[in-house]
Amino acid sequence: MTLSAPTRQQPLPVFSPAGPTEPATWIRTHGIEVLVPAADQVVTPYMERKKEWDGTVLSAVLDSLTPKSSFLDVGAMVGYFSASVAKKIPDGRIVAVEPLRSNLELASLNLSNFDNTLLLEGAVTDSPDEAWAVIPDETNRGNTRVGVASGGAAADAADRVPTATLRSLVKRYRSDVVKIDVQGLERQVLDSLGPGRGLPRNLTVFTEVSPAAWAGESAIAEMVERFAASGFDAYFLGEGSAYSAFSSTRLARLVGFGSRWVDHFDMVLTRGRYAATIKNRI
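Counted from 1, the sequence shown has number 93 at position 93 by the UniProt record's numbering; the numbering is strictly sequential.
The reader is advised that the hints may include incorrect statements.
[Stated by the list, open to error] Below 27 Å or equal to it, Euclidean Cα-Cα: the simulated DSSO-like pairs (lysine-lysine) are:
hint, residue 1, residue 2
1, 88, 51
2, 171, 87
3, 279, 50
4, 68, 171
Don't read these hints as lab results, they were simulated from the structure.
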């Protein structure tokens, strides 16, 4: 495998497939066919039954796009979201970021029929100067995690990955729609965006929020306040792509509920065009 070196113009290296790929299963979903790892015990069986994965978020992402959107997929796994977006907006741009090489190999195949996609190897963090490592979960390939490679057992067993901030990627690719699925690292990813000057006027961020990864609900509320200061509206995303405005009361219920029953909920941070669309709907 050969990787192009990251530069100021190219924050993360472009992935170059080495192959051969692992055994995989074809699944048809959203009008496309994608390869998913046969050995996966969570994502693959679910997609075989439901013909989708995280359908609520994907539907909302597809709804937020314009024909020439620039979509940034942070935590792309095997490129399911990216391929779905690429099919919908052939005149747009799709940039997929994933740290795990076995996922990247399948993603490169899933995106190979689309000439508007770019696949990058690495992770998005708020401390790109540190050495980061990928920690795979072979039974659930959607549960790939990254962490600072401090020399512990986890770091010794993991592969080092290049990193970049979300801000550098959004600015480089002029992204107007971002999806974040990083298994509890979303706080660091959002911090690395640093809302403020220099970002696109129209910007929508779909993100998981994992309560266990935050220092209580106050930290989540503070994040929302930082984005609000830069003109972003915050919404909770529910079933059927239903939006509800952010409130501390609902946040407290979700955090309390999440600590007992689910590991995350979905939020949208948006300003500009799509923010106006949501306001007109609720």
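Here is how each hint holds up against the structure:
{"no.": "1", "hint": "88 to 51", "in the structure": "18 Å, holds"}
{"no.": "2", "hint": "171 to 87", "in the structure": "24 Å, holds"}
{"no.": "3", "hint": "279 to 50", "in the structure": "31 Å, violated"}
{"no.": "4", "hint": "68 to 171", "in the structure": "16 Å, holds"}
In terms of the numbered hints stated before, the structure departs from hint 3 and from no other.
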